[in-house]
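Trainee: The primary structure of each chain is shown beneath.
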Amino acid sequence: MNKMTTSSLALLLALAGTNAIAAAPVDVLKDYAATARKENPAFKEFSAQRGEALYQAERTHSKGAKVSCAACHTDNPKNAGQTRAHKQIEPMAPSANPQRLTDAAKIEKWFSRNCQDVLERACSAQEKGDFIAYLLSIK
Amino acid sequence: MTRKILQMAVLIGSVTATGWLLADSHKHGESKSLPQVSNAKWAAECSSCHTLYHPGLLPERSWSKIMSGLDRHFGENAGLDPLAQKEIAEFLVANSADHAQNRRSAKIAQSTPAQSTPLRISETPWFVRKHDEVRNDVWKRPKIGSPANCTACHNGADKGDFAEARIKIPR
Numbered sequence: 000m001n002k003m004t005t006s007s008l009a010l011l012l013a014l015a016g017t018n019a020i021a022a023a024p025v026d027v028l029k030d031y032a033a034t035a036r037k038e039n040p041a042f043k044e045f046s047a048q049r050g051e052a053l054y055q056a057e058r059t060h061s062k063g064a065k066v067s068c069a070a071c072h073t074d075n076p077k078n079a080g081q082t083r084a085h086k087q088i089e090p091m092a093p094s095a096n097p098q099r100l101t102d103a104a105k106i107e108k109w110f111s112r113n114c115q116d117v118l119e120r121a122c123s124a125q126e127k128g129d130f131i132a133y134l135l136s137i138k
Numbered sequence: 000m001t002r003k004i005l006q007m008a009v010l011i012g013s014v015t016a017t018g019w020l021l022a023d024s025h026k027h028g029e030s031k032s033l034p035q036v037s038n039a040k041w042a043a044e045c046s047s048c049h050t051l052y053h054p055g056l057l058p059e060r061s062w063s064k065i066m067s068g069l070d071r072h073f074g075e076n077a078g079l080d081p082l083a084q085k086e087i088a089e090f091l092v093a094n095s096a097d098h099a100q101n102r103r104s105a106k107i108a109q110s111t112p113a114q115s116t117p118l119r120i121s122e123t124p125w126f127v128r129k130h131d132e133v134r135n136d137v138w139k140r141p142k143i144g145s146p147a148n149c150t151a152c153h154n155g156a157d158k159g160d161f162a163e164a165r166i167k168i169p170r
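Those protein sequences? They're chains Z and P, same order as listed. Residue numbers for the first sequence follow numbering that gives the first Met the number 0, beginning at 0 and rising by one. Residue numbers for the second sequence follow numbering that gives the first Met the number 0, beginning at 0 and rising by one.
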């Protein structure tokens, strides 16, 4: 086995290792807390209450439609929701869907898409943390 | 007795011939059903929000246009990282209606005028013709919703199975 193959094998194993360990929701929250502190030195902690308000808040999109997180995910994150193309969305609350909040990259991907779709801007780290804190608070 | 044997021979003969013909048409890629295709990124990314649409349902120019505007994808932001976007776009183009070797794809490609680039499968003349008997109120049934929801009636749509015999329209 030449050096190149050995090092690529080692890299592969390392990648497989990181993929195998799913991030716990609490770890994701820690990362968002660190970013939130950078974005706003006055930041103290995440609030499930603020997260719930964000989740339920309805606003009028610049294109005229009423939009909110709850519009697709239903007003109870333990319920399955539905996309605009009529595909089922698995529940958002980890208490109803243990797969939720276990993949940091996936969480970021959906915040970046859906904050844009609903709020027409990116979400702050504090908003993301509040949102996750709300989902985790649902028993 | 001889007649029975003869009948049997004709029966076996025709069954075998049908098998041969089917196998032959399949070998030449002219089977009616869409071929099984797979790409992990396509399967994961393109089925989060909607039916996993088979690449053989739209021509190359349609997929190229769709994939170059993912940040405004039918009113939603479906942006991907550049690597995933490139991989999925190449996969869709390689298996698109004008490249796939099956009768259904060929019909879709042929029925779509060269100057039009449909962004929805439901805008292709082939789709319109195939669904002309479906009333508006049927599309709007809660379990269907819209023509985007293929799997509502075509259970195997995610795998490219649109066989007439397996259609079940929910009430």
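Some hints could be false.
Which residues of chain P face chain Z? A few of them, derived with a C-beta cut under 10 Å, are [as the list claims (entries may be wrong)]:
no.	residue
1	Ser46
2	Glu75
3	Asp80
4	Gly144
Calculated directly from the structure, the hints in this document are not laboratory data. Built from N, CA and C at the ideal position, the CB exists for glycine as well.
Trainee: Hint by hint, say whether it matches the structure.
Mentor: Consistency of the hints with the structure:
| no. | hint | in the structure |
| --- | --- | --- |
| 1 | Ser46 | 8 Å, holds |
| 2 | Glu75 | 5 Å, holds |
| 3 | Asp80 | 8 Å, holds |
| 4 | Gly144 | 4 Å, holds |
Of the numbered hints given earlier, the model fails none.
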